[in-house]
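Peer 1: Got chain A; can you put chain B on it based on the hints?
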Amino acid sequence: MTIIIDQATRQSILSFTFDFRSTTAGVALIVLLVAVLTLRELIRVHGGPRMTERLDQLNVAAYPLMLAFTAIIVVRVVSLI
Amino acid sequence: MLAVVRSARSALERAPRIDAVTPAAAVCAVYVIGLAGAEVLLLTSGIAAGAVAHVALVLVLLLHATAVPDSPYRRMLMVLVLPSLIRLLGLTIPVAATPVAVWYLTAGTPALLGALLVARVTALPRSLYGRPASLPLQLLVGLTGITSGLLAYLVLRPQPVSTDLPVLVISGVAVAVFAAVTEELVFRGSLQSVAADLFGSSAAGVGMSTGLFALMYIGSQSVPFVLLMLATGLFLAWAVQQTGSLWGPMLAHAAMVVGLVVIWPVLLP
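One line per chain: the protein sequences are A and B, in this order.
Just so you know, numbering that gives the first Met the number 0 puts the end of the first sequence at 80, numbered straight through with nothing missing.
Just so you know, numbering that gives the first Met the number 0 puts the end of the second sequence at 268, numbered straight through with nothing missing.
One chain only, chain A, in its complex shape (with noise of 0.2 Å):
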């Protein structure tokens, strides 16, 4: 219905506990964020100064990555509450 929240993606929410997506697809987006952080650092340590701006486009996937992983976290501490 809408690109975020399209029928695919409402079926998956409705059929599958948090649990399992967080397994699965969550995991996926965690290993990516670790990867992304890792080029990060790679970059700001081994780059020199003309890399910089490579941190900027990083940052693009970076903080909505950090965004979702803190998400994913505080949902999952709640269930366990």
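Don't read these hints as lab results, they were simulated from the structure.
The beta carbon of each residue, even a glycine, is placed where N, CA and C say it ideally should be.
Some hints could be false.
[Stated by the list, open to error] Anything over 12 Å on all C-beta distances counts as not near chain A; from chain B, calculated:
| # | residue |
| --- | --- |
| 1 | Ala24 |
| 2 | Cys27 |
| 3 | Val31 |
| 4 | Gly33 |
| 5 | Ser133 |
| 6 | Leu136 |
| 7 | Leu138 |
| 8 | Val168 |
| 9 | Phe198 |
| 10 | Ala203 |
| 11 | Ala230 |
| 12 | Gly243 |
| 13 | Leu266 |
[To be verified] So the derived list for chain A, only partly shown, Cβ under 10 Å to chain B, looks like this:
| # | residue |
| --- | --- |
| 14 | Gln6 |
| 15 | Thr16 |
| 16 | Arg20 |
| 17 | Gly46 |
| 18 | Met50 |
Peer 2: Coordinates of chain B only, in the frame set by chain A:
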């Protein structure tokens, strides 16, 4: 012998010049095909396979963009990260037990952040989101969203999100901000302007934003709906090209999705 050399030389001079645009177009086409493949994989093989495909695509795009000097080509690679990122956010964050408005709020906030960051990195022209030259024209474009929303509802027939008025209002605001604004910023904003810059043609910008916009609706699992989104995307992209402003398309998109998700399911059950 000399005549042969001269004729070969003139033939070479008449041959089409292969410049930097053609490899960029080829690479962008490969990434778009990859995106389509990830969406199809999500539909056919499940969440895990689709998520892994989207993650791989984001990683490859980011690595590629890191290796390329600053140019419209690099900006295009950055923009192409967003569709996969948005798909991953929608799959992982929402909790089924919460209202639909909360789904849009929780998945939409990082998506909107990503869209704003890409707009900054790609130097989205200020004229697109600044004060429009003609406010009545933008409102006129915005009104077309009512029609497209009704058509979309008649094609898809989604269930009402709620029958409570306060919930409907909150859902409408969430959908308008976190779906419409974000998607317009990404497709008719960053993607269209970067594609026009990269390929040296506003028609290329319109074509690329329209095609990718429709592609992301494969998950609707409805061919008529995808075709409707293709037509809607084409109109909105054309409106941006003609008016130079994103405001009208944002209003139209908001009217469309609010109608589709919130209003028409209640008024026309």
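Peer 1: When the hints from earlier in the document are held up against this structure, which numbers fail?
Peer 2: The structure breaks none of the hints.
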